[in-house]
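As given, the protein sequences belong to chains A and B, one line each in that order.
Under this note's numbering, the first residue of the first sequence is numbered 55, with each subsequent residue one higher.
Under this note's numbering, the first residue of the second sequence is numbered 12, with each subsequent residue one higher.
Read the hints as simulated data drawn from the structure, not as lab findings.
These numbers were taken from a predicted model, which means no experiment stands behind them.
Taking lysine to aspartate or glutamate and the EDC-like style, the derived pairs with C-alpha atoms no more than 20 Å apart in a straight line are:
(1) B/Lys327 <-> B/Asp39
(2) B/Lys79 <-> A/Glu306
(3) B/Lys290 <-> B/Glu265
(4) B/Lys137 <-> A/Glu99
(5) A/Lys123 <-> B/Asp400
(6) B/Lys54 <-> B/Glu334
(7) B/Lys79 <-> A/Glu99
(8) B/Lys182 <-> B/Glu161
(9) B/Lys182 <-> B/Glu245
(10) B/Lys399 <-> A/Asp115
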Amino acid sequence: MSTSIRRNLHGLLWVSPWLIGAGAFMFLPMAMSLYYSFTDFPMLEPPLWNGLGNYRRMLDDPTFLRVVKNTALYCAVAIPLQTMVAVALAALLNGKVRFSRFFQACIFLPTLVPLIASAMVWMWLFNGELGLVNRLLGRAGITGPSWLIDQNWVMPSLVIMSLWGVGQAVVVYIAALQDVPRQLYEAGRIDGMGPLRQFANVTLPMISPAILFNVVALTINSVQIFAVPFVMFRRPDGTNPAGHFYTHYLYENAFVYGQMGYASAMAWVQLIVVLMLTAVMLVASKRLVHYRRV
Amino acid sequence: MVLGGTGYAAFGPRGSRDPRERNRIVLDYWEKWTRHEGEAMMKVVDAFNASQNRIFVRYAVTSDIGQKSMIAIAGGDPPDVIGLYSFNIPPYAESNAIMALDELAPRYGVSLDNYAKGVRQVMQHKGQWWATVNTAGSVALYYNKALFAEVGLDPERPPRSIEELDDAHRKLVLMREDGELLRAGFLHREPGWWSWLWPYHFGGSIYDPAGDRSTVGSPECVRAMIWMQMYARELGVDRVKKFADGFGNYFTPENPFLTGKVAMIVQGPWIANLIQAFKPDLAYGVAPFPVAAGVANSEPVGLIDTDVLAIPRGAKHPEASMEFIAWTQRQDMTEQLARAHFKPSPLARISEDFLSTHPNKGIAVHYNIFNSSRAFIAPPTRVWQQFKDECDSVVQRLWRLEVEPDAALAALQIRTQGFLDRAADERRRRAVS
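Looking at chain A on its own, in the form it has when it is part of the complex:
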């Protein structure tokens, strides 16, 4: 046996735990779910071939269209807002702020709290009658809405809550900001740039790779939003339609309605959408993202 073959076999042996694990628990289930997406599969009976039936059904399913709309709206609002807030907080904390480390810890800390626990806390904060948010609004003379019940306030409450988890992005942005060469700011000042122009023309381009990374990660997470609305908007009298999202409906089809075939088709559509969005962002990044040459 030649040395190169032996080396390759050794390499394969070392990575075999991952290969076996990924094959058995990722690629095989993915292949099976692709097959199931073309079948009627109630789990308790064998799959029955249905061709493109499940994919066609999505177009006629008003609940599907509603959850797509809700998820798209959430992504459209939450992703830019979270990015802006995270960048702004990072910029503030990167300056000469007293107790900067303390504030960084405070902002990061919520990301360590389990999602379900956070959702339970926010349910109380947003309680229309007893919640702290409405109490504070009341002190300012504003009558707060029924955040978690009123159709018009469900999405804003969820978006506000999503800001609770920006800590991780803030840490990445602070690291990126600290990596921006000081001489660029000095050059900007010499050219007569004010703080805002410096931020727009120096800071943002320099941290754009970090922004791209965070936006891609945020998009993938936002498209799959599940746990928080599942806890917050599922009530005994049914899920609040404004708080009904794609992954929740997928879960219902798979495990509540016993329609694994339809759920599999939905999962594949979701995967394709996420891949397309990521591809679009990566293509756009060629123009918008500035990579430094080392």
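Start from chain A and add chain B according to the hints.
For chain B alone, coordinates are given in the frame of chain A:
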């Protein structure tokens, strides 16, 4: 990997085994109940384990039992006995995911005739017998007698018609001067577990099992929803939203019926248990939920909602499972469990003092509903969960006065019929293949 596996096998965690399991057939019994309800069932299990030395039953509390059992059965590793909800029976039965009991149960002395008339409906599906009932409830009107007396209503005379219910509700509504709602007489959305219930009290139904047709667009359903919307209009949608936001969770002392925020509530017998635990001094009355004018009221109308025991497909010891189930169905065991759950016995025969010594003051009402020919169950269709979720969604919109009943229910009928048709089509294709 080999080293890791050997290490895990040698030093890894081990489940503790009950010494009583030795030399017996061990049955795994998955049940949804926790707390006092679980403890009551445990007593039945313990009594069975002590009664003989051949079978040992292990009780495992399992949340979301319908889903987890489905996955376990599909994965080929089911427990031996599962405690499902009655609405799980049609999808499980149609998939043969549970065993038919027509031949097995009589061998252990369990017969359909043992059960109350209304209860028998949930045990069967499409002519076959699939499950036994371990506890059962019927849904009735619970009302707060002190609040009735406070507003000049006779606490011993609950509403006997929808019109009387409306009058009582109006008298019981309490508003602050600034218009904030402090108390409601009756709210359809509290606790909101059965958004599809009301048409049955207007002489209608939402499903015709004979023709497998959705009937949610029927005139009775429209009438029921118009009635429901009347409450939303009179109280004000936003006002009720704010009011309901202050309700505590159902299983807490902040339950709005317990706090007196809602004076009348449609509920099962288990709420008496809650009252006993959190507000034992609450004077409550129980009555069949009334029917609308023009609907015959010679017999009570009410939903029967039960917990059932079934043997999953692939269970290792079906005979032993049935022996255990038969034990739970003995009159003494069902009555012991029913008392602990504050529920009526599902059996046709009850001991002489069962009603008089029962901790639920309204037990006779629930029992009468069991034996009423007008008792009904959730539509026995395998798409019920989806059907119900769609009803919930539309009823939410109706309650918020966003849509008109006739148009919304007509659309709902088309949509829910679509679910039924799709299931029927799948059944046909499976039969052909």
